[in-house]
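Trainee: Sequence:
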Amino acid sequence: MPAKRLLVLALCGEGVLVLVACSWTWVADLPLVFSTISIGAALGAGILTAAGFSLLNYYLLRHAPEVLGVCSLRQIHLEVFCPLFARVGVLEIAGISLAAGLGEELLFRGVLQPELGLIPASVLFGVLHIGGGRQITFGVWAAICGGGLGILAQATGGWFAPTVAHVLYDAAALTYIRWGPREHRLTIPS
Numbered sequence: 051m052p053a054k055r056l057l058v059l060a061l062c063g064e065g066v067l068v069l070v071a072c073s074w075t076w077v078a079d080l081p082l083v084f085s086t087i088s089i090g091a092a093l094g095a096g097i098l099t100a101a102g103f104s105l106l107n108y109y110l111l112r113h114a115p116e117v118l119g120v121c122s123l124r125q126i127h128l129e130v131f132c133p134l135f136a137r138v139g140v141l142e143i144a145g146i147s148l149a150a151g152l153g154e155e156l157l158f159r160g161v162l163q164p165e166l167g168l169i170p171a172s173v174l175f176g177v178l179h180i181g182g183g184r185q186i187t188f189g190v191w192a193a194i195c196g197g198g199l200g201i202l203a204q205a206t207g208g209w210f211a212p213t214v215a216h217v218l219y220d221a222a223a224l225t226y227i228r229w230g231p232r233e234h235r236l237t238i239p240s
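Just so we're aligned, residue 51 is where the sequence shown starts under the numbering used here, counting upward by one.
These aren't lab readings, by the way, just hints derived from the structure by calculation.
Since the model is a prediction, treat every value here as computed from it, not as a measurement.
For every residue, glycine included, the Cβ atom is placed at its ideal position computed from N, Cα and C.
Hints should not be assumed to be uniformly reliable.
Have a look at the derived ranges for each label pair, beta carbon to beta carbon [what the hints assert, rightly or not]:
#1 G230 x E116: 39 to 45 Å
#2 A101 x L128: 31 to 37 Å
#3 V58 x I180: 21 to 27 Å
#4 E129 x S88: 22 to 28 Å
#5 P52 x I87: 39 to 45 Å
#6 L105 x G207: 31 to 37 Å
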C-alpha cells in the first residue's frame, strides 16, 4: 500500500475514534480529563513509558527466547508490518503515530476506561488490534500495552500522558519496522 494512502487511512480511521470519543463524552456528560498533574510531569511519564515499551518491544523482536508467543510476534512483524510500512517516510510515521495516539487514547483511556474500568478497556484495546486469527498474539501484546497505558492514565489523572507514550512508542516501532536491521525486514521491490 502506498505510504500516502496509509497516512490518509490512519487519519480517517483515527479521526472516527476522536469523533466517537467526543460524542460519547457529550452524550454521557463525561469529563474528558487531560491531566491532574503538571504537564511537565505527565510529559515525562509518557516519555518514560514509551521508552520502556520500546525497549521491551526491541527485546521481544531481537533477543527474547524463541517461545510460541515471541515467534508469533516476530512472524507478524516480518510478514505483516514490514511489508505494510516498507515505504513510509518520516512524515507518514509522524502522522500515523500522532493520529493513532490521539484517537486511541482519547477513546480508550479518556472515555472507555472511566466508563468500563481498566481491565475491560485494556482487553477491548487488545481485541481491536487483532487483524486476523494469526494475530491473536499481537492482540495480547496490545492488551498488555493498553493495561500499561491505563495504569499511566490513572497515575497521571488523564489521557495526556498515555497519548504521549502511545505516539512516541508508535513512532519508535514504525521507525524500527522501516529502517531496522535488514534481517528483520522483508525486501520490497520498487
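Trainee: Hint by hint, note whether the structure agrees.
Mentor: The hints, checked one at a time:
Look at G230 against E116: about 18 Å separates their beta carbons, and that is not inside 39 to 45 Å. A101 and L128 have their C-beta atoms about 24 Å apart, which leaves the hinted 31 to 37 Å range violated. Evaluation of the 21 to 27 Å hint for V58 and I180 yields a pass: the beta carbon distance comes to about 23 Å. Under the hint 22 to 28 Å, the C-beta atoms of E129 and S88, about 43 Å apart, miss the expected range.
Our hint of 39 to 45 Å for P52 and I87 holds, since their Cβ atoms are close to 41 Å apart. Look at L105 against G207: about 26 Å separates their beta carbons, and that is not inside 31 to 37 Å.
Taken one by one, the earlier hints fail for this structure at numbers 1, 2, 4, 6, listed in ascending order.
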